[in-house]
Amino acid sequence: MSGWLSVRSIAIVALVLALVLLPVYVELGGSRFLLTLFTRIIILALAAVSLNLILGYGGMMSFGHAAYLGIGGYAVGILAHEGVSTGFVQWPVALAASALFALVIGALSLRTRGVYFIMITLAFAQMAYYIVAGLARYGGDDGLTIYKRSQFVAPIDLSNKVEFYYICLALLVGSMYLVWRIVNSRFGLAIQGARSNDTRMRAIGFPTYRYKLTCFVIAGTLCGLAGALIANHTDFVSPAMMYWTRSGDLIIMVVLGGMASTFGPLFGAVALLVLEEVLSGITEYWQIILGPLLLLVVLFARGGIDGLLGKVHHG
Amino acid sequence: MTLFIEQCLNGLQFGLLLFLLAAGLTLVFGIMDLVNLAHGSLYMLGAYFAATFVAWTGSFVFGVVLALGATLMVGMVVEVIVMRRLYGRDHLDHVLGTFGLILFFDELVRLIWGPEGLTLPLPSWLNTSVQILPGVDYSAYKLSIIVVSLAVAAFLYVLVMRTRVGMLIRAGASNREMVGALGVNIKLLYTLVFGLGAALAGLAGLMQAPILTVQIGMGENILILAFVITVIGGIGSIRGALVAAILVGFIDTLGRAFFPDLLRMVLTKEAASTAAPALSSMLIYLLMAIVLVVKPEGLFSASGK
Amino acid sequence: MADLLRVENLAKRFGGIVATDDLILNIPEGELHAVIGPNGAGKTTLIAQLSGQLAPDSGRIYFAGSDITAEPMHARSALGLARSFQITSLFLDLSVLDNVALAVQAHAGHSFHFWRNARQEAELRDPARAALARVGLSARADLPASAISHGEHRQLELAMALACRPRMLLLDEPMAGLGPEESSRMVATLRELKKELTILLVEHDMEAVFALADRITVLVYGGVIASGKPEDIRSNAQVREAYLGEQEAVHA
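Chains as they are written, first to last, in this note's numbering: chain A, 1 to 315; chain B, 1 to 305; chain C, 1 to 252.
These aren't lab readings, by the way, just hints derived from the structure by calculation. Please read all numbers here as calculations on a predicted model, not as lab measurements. Just so it is clear, CB atoms sit at the ideal spot from N, CA and C, and this is done for glycine as well. Hints should not be assumed to be uniformly reliable.
[Said to hold, decoys possible] Taking CB as the label site, the calculated pair distances span:
1) B:Arg-164 with C:Asp-232: 51 to 61 Å
2) B:Arg-89 with A:Ser-6: 26 to 36 Å
3) B:Arg-89 with A:Glu-82: 46 to 56 Å
4) A:Leu-275 with B:Arg-89: 22 to 32 Å
5) B:Arg-89 with A:Ile-289: 19 to 29 Å
With the rest of the complex left out, here is chain A (with noise of 0.2 Å):
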């Protein structure tokens, strides 16, 4: 960023303020919807800060981040289902279970690169989705209800929209502050090396496997933690959460927004939901005009959004 009166700050500072006094203007008049929509929004942008680490900053393509929203939202609702209400197991086992399953994919596939990476992924993540799909006793391919949201101690209380929007926003930004902090730092650095030039980084001495690993087991944990979060949003898990082509959504996500950026991942995730919102207002069909335009942003915008706020300062 250059300088505070830049383009992209005074974009950040005014999306950042208009989510906190989102429910504000909820209370005073505004559409209750809203709530609903930017809540959703809000879970899916820490998804998405999670997925940037390891794809943009990372560079590991990795196809199968929503199996992690499953694993979380999981995690939440079987638990919730077999009696156990508390956060306080609920979401230390989300978060455990999303980092086991990070570490057993990423110990395989990480042997691998490029397109095998992707292709591996992706057939690791659609294995959980049918593995929870087959789970009958869990609700199978109908998911299952959760009646109780994870309790804490008061005064948190998650059944309260206000007061579970403010949570989730609180989360996403000490994410995204977790994020810029462990990019910046020696690990980051190393991450970062190892995605612009790996052969170089073992060259030099980096032994990189056991980095990029772990990368990939902070990303798994974090979006975990969304997947608790969408749980207790939706009060419904169910496998289409973990189906590869909501991974898709997470890439477009990052993507579209701007990768190995803070901000990016939020940039996305507003404006493919809301335009999802919007073009779904003028037609059914509007994925036809969302392909297109995912490839448009591919072949004509690569810096997605961030990239276009900081072309225009310097345009």
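Given the coordinates of chain A, work out where chains B and C should sit on it, guided by the hints.
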């Protein structure tokens, strides 16, 4: 025992179908270095075209031939309009761009044919059984799938290994500039190769239409398997795709058929029926994981055929 | 003086092609040893095997007395054996200083530090700046590596190899693509470095080779046809025929 033979044949048939799909994918990747997620969309179009043309013309064979031609044309048009701009770019760009195509095609199909899906009934002359062994009857249609697929595999082998065009394909895989320098029209070659891949996908789609499904999203479901096969077999290797596809076909079919029984011997009836579907679908991925550990570049990797 | 690098009967084939043919090499500490030979002689393959990028089919490599034949790249780097690349292999989307700082970071313990801003750590930045100064790139420190010239890329290559504080440098054609002024600057830099390091220099630039080398080995088709002092190599008939003759014909 008859059940076992029948399931083996089913596994072979499924595997060969997957081979057609994976062959197109691996060919396009091996030669143009292009990751095409929309390959599944061509598979879907093959099925939809077939169901439509067969209904229009009243003739199974004629409808199928038209469908194949239509898929081939769609493939070539997509290559000229979209793929040409993606060559040489980062694989992530391919993934994103072709993912956009998936969204587009899924919605286009929904627009044209509606959300319900179609059916493609078999003509009476195919809807019979054939006695392949004393006491063992097998569906004539499934048998014809096996025959056709093997014929296509043989055709591909001859094409790639024994013809000038095949030589160009193999040379293109290893040295693009040189082939271009030889005066060969690379653009045309690529369009034809992509068209071939599309035709293979369309063929697979239309062949399975009468016995499996014609619906939106069918491409995405099966694409994963095609990817797994490509990884196991080694990208760019048609031989690898054949071996891996048959392997996957067998494991998946036999696994689903007999694994639950195996489980029941070890676990309680209830546990087995809960775990069986989930674990059966895992078998292929387990295979992929093993291959990854032992030989990450695939069983028959690199530019070998 | 003990041999810092000892190569015994190294061999490597690629299908029908013999890239390294029963190669023997001994380099004492403090020597600048040049390896020359026509194109395709296997010089880069040799460096790839010495640095660990490529595994030899047979033979042994000893560095500072220990057998490193099976050691992975990053381990050899940690032992003090650094290499530069013939083809530019940098972190193009990072800054010039970041590039060298990464090389420093590689040798500053593990990188499982997640919080402190690494770009503000003196432990990493100071040696990086020092290495850049040694090759004369201080002014370009904050530019993205993609924005500097080819000649400066070669200098950056050298800086990165130096940042690892190696005992021995494997230099793969550091002069490649340099103009006359840049070349003499590079020779001057190498002459300075010679005083503190052992260097294996693969080069085509004969002026530079004869100006710097203590000993020269000549490689043809993967095998050594001559090895010794520069004067001896210059007057060796076989070598003239195979290699230097070609060169002089070109210059004539």
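Can you list which hints this structure breaks, lowest number first?
Of the numbered hints, all hold.
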